[in-house]
Amino acid sequence: MSDDAPPEVDPTDPEYRNVGEGLLDEEMGPSSAMAHLYRGEVHRMKFWRERLDRTTRWAVIVVAAIVTWAFSSPDNPHYVLLVGVATLGIFLTIEARRYRGYEIWRSRVRIMQENVWAYGLDPSVGVADEAWREKLSRDYRTPTLKISAEEALAHRLRRIYLPLSGVVLAAWLIRVTAFSSEPFPASAAVGMIPGTAVTAAVGLVYLAAVVVACRPRTWHAKGELRAEELRKRNR
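Sequential numbering of the sequence shown, starting at 1, is according to full-length UniProt numbering.
It is possible that part of the hints are untrue.
Okay, derived cross-link-like pairs now, BS3-like style, lysine-lysine, Cα gap no bigger than 27 Å in a straight line [said to hold, decoys possible]:
1. K135 with K46
2. K46 with K146
3. K46 with K222
4. K146 with K135
5. K135 with K222
Pair ranges (Cβ atoms, derived) [said to hold, decoys possible]:
6. R158 with T87: 11 to 21 Å
7. P216 with W132: 25 to 35 Å
8. S137 with F47: 22 to 32 Å
9. V190 with G166: 18 to 28 Å
Don't read these hints as lab results, they were simulated from the structure. All C-beta atoms in this analysis are idealised placements derived from N, C-alpha and C, irrespective of residue type, glycine included.
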């Protein structure tokens, strides 16, 4: 064996089993390992937040470009706005996946904020969760997604994509009514597809989006700032 090889470690050695014990004790000051751990998690959360914002910016830019082009000439087909709706669906799917990743890091940050920093500022209230250390340790051992794909879709629909889709829908309705010589819904026809079928398909897509965004559910996103909760706490 080479002299440069690391020494073998016996897993049954008590000193080996207790590596890290006391590393995150509550008595340690702000320069402790916990502070560095918190700083690292905030950095990762910020990185994923920027990825979400980047997708949102592209969605807004694409919608603005499509709506502008659709009304730039009466000869431009109205169905380009429906292409915009499909494009928003793609952006929504991408952003929902990113939101699920973002929630991994944000949930860890919120656990530390609620049980370390809030407790340090006011110990009289106690910690939010007595088992927070076990939960955080388990999450570091086996990182898991914290929210379902549907909840991620609902969050992004409520925050960004329902308003954006509403703008596109309003533009499409104006385009096929006020800017068409044919009566609605015949004016909504796309090629050989009759206008009634196109209108029904658009209605079903928007209805499904509203149901996903607004149906009653138990929210699992950690520390999500919803206006309803804030109003109740401020009463």
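How the hints compare with the structure:
no. : hint                       : in the structure
1   : K135 with K46              : 22 Å, holds
2   : K46 with K146              : 17 Å, holds
3   : K46 with K222              : 15 Å, holds
4   : K146 with K135             : 12 Å, holds
5   : K135 with K222             : 13 Å, holds
6   : R158 with T87: 11 to 21 Å  : 19 Å, holds
7   : P216 with W132: 25 to 35 Å : 28 Å, holds
8   : S137 with F47: 22 to 32 Å  : 23 Å, holds
9   : V190 with G166: 18 to 28 Å : 21 Å, holds
No hint from the list above goes unmet by this structure.
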